[in-house]
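Numbered according to the numbering used here, the sequence shown spans residues 1 to 285.
Be careful, since some hints might not be right.
Derived DEER-like restraints, expressed as beta-carbon distance ranges [what the hints assert, rightly or not]:
#  : residue 1 : residue 2 : range
1  : Ile-106   : Thr-258   : 21 to 31 angstroms
2  : Thr-111   : Asp-226   : 47 to 57 angstroms
3  : Arg-71    : Ile-188   : 20 to 30 angstroms
4  : Glu-203   : Ser-268   : 44 to 54 angstroms
5  : Thr-111   : Gln-202   : 40 to 50 angstroms
6  : Cys-92    : Asp-192   : 18 to 28 angstroms
7  : Ile-70    : Glu-221   : 21 to 31 angstroms
8  : Asn-250   : Pro-213   : 15 to 25 angstroms
9  : Ala-184   : Ser-95    : 20 to 30 angstroms
10 : Glu-203   : Leu-148   : 52 to 62 angstroms
11 : Ala-68    : Pro-179   : 11 to 21 angstroms
12 : Ile-188   : Asp-224   : 26 to 36 angstroms
13 : Ile-188   : Glu-221   : 21 to 31 angstroms
14 : Arg-282   : Arg-116   : 21 to 31 angstroms
Rather than coming from a laboratory, the hints here were simulated on the basis of the structure. Just so you know, these numbers come straight off a predicted model, no measurement behind them. We put the beta carbon where it would ideally sit given N, CA and C, even for glycine.
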Amino acid sequence: MGCGPHGDAASGKNERSAVGNETDKASNRRQAVQCRFCGHYYIRPCTASTQAECLNVKLATPLSEPQASIRHHYIPVFYLKRWCSGDDTKICEYSRPHKAIHDRRIYPVQTGFQDRLYEKKGVPKIIAQQVEDDFMKSVDTLASDALLLIETGDAKVDTDAKYRSAWSLFLMSLMTRMPEDVAALAGILDDDWERDLPRFRQEYPGKKKPDDPPTLEEFIEQKDPDHMARWTMNVLPEVMDHAAIGQSLNAMRWSVVTMAADAPPLLSSDRPLFVSGAIGTRTAI
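Using the sequences and the accompanying hints, generate a full structural model.
Next comes the structure, spelled out in structure tokens:
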């Protein structure tokens, strides 16, 4: 910092005075809180509408931000690749949108998906695809490694708990990751919300601030209209990674059936997992 030809002492005094004022101001500031969206600490938690003003979100965004995945495969590509036939690395997809059955040859990446299926609503863009990018991709990547061990008869799938648990987790995800499963979970949570709503309505008048809307429903619509959709996405990974079911699957006897070369061709579907009997019982398959 440069000094003028005179007035050095006065300059130092002004600097000390300025520092003192800033200290006084800082002591009166509100305590920082943790933002429930970006995870950083600052004064005002960010929402989707204030994302552009949130310095923490900007700081958390890397210089070369990776492309977020919006094409979410409920039937993962690594599984669909096993059904490729011919030299074009494609699969034959059968569909029945109305009465007639249609077939077409497509690449595995072109089927078994729904755009933004696992997207978190009402949060900053950088975390909206967390369920897909952080959870589902991890599930499918480890399951792909485990399936390779299973197909090649590698004993590591029995001796290494990492791969055995990875395949069990993948099987559990197949029970709950389809679009209709996500919709069913949302319905269950809606029922839970409706059950507790009368109590929240009673508590709201005593908790609302002077500038808050008069009713709880108006408050939610104004502040966080996507809270139910986001709640569903927060619960979905917990439903898939069910500890008790996972332990039961790990403890089951595993075997592989190898089809003869001249066996009739098989079909897979949007529901590739078949379960017979209650998981955890001796007759479960």
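Of the numbered hints stated previously, which ones are contradicted by the structure, given in increasing order?
2, 6, 8, 12 and 14
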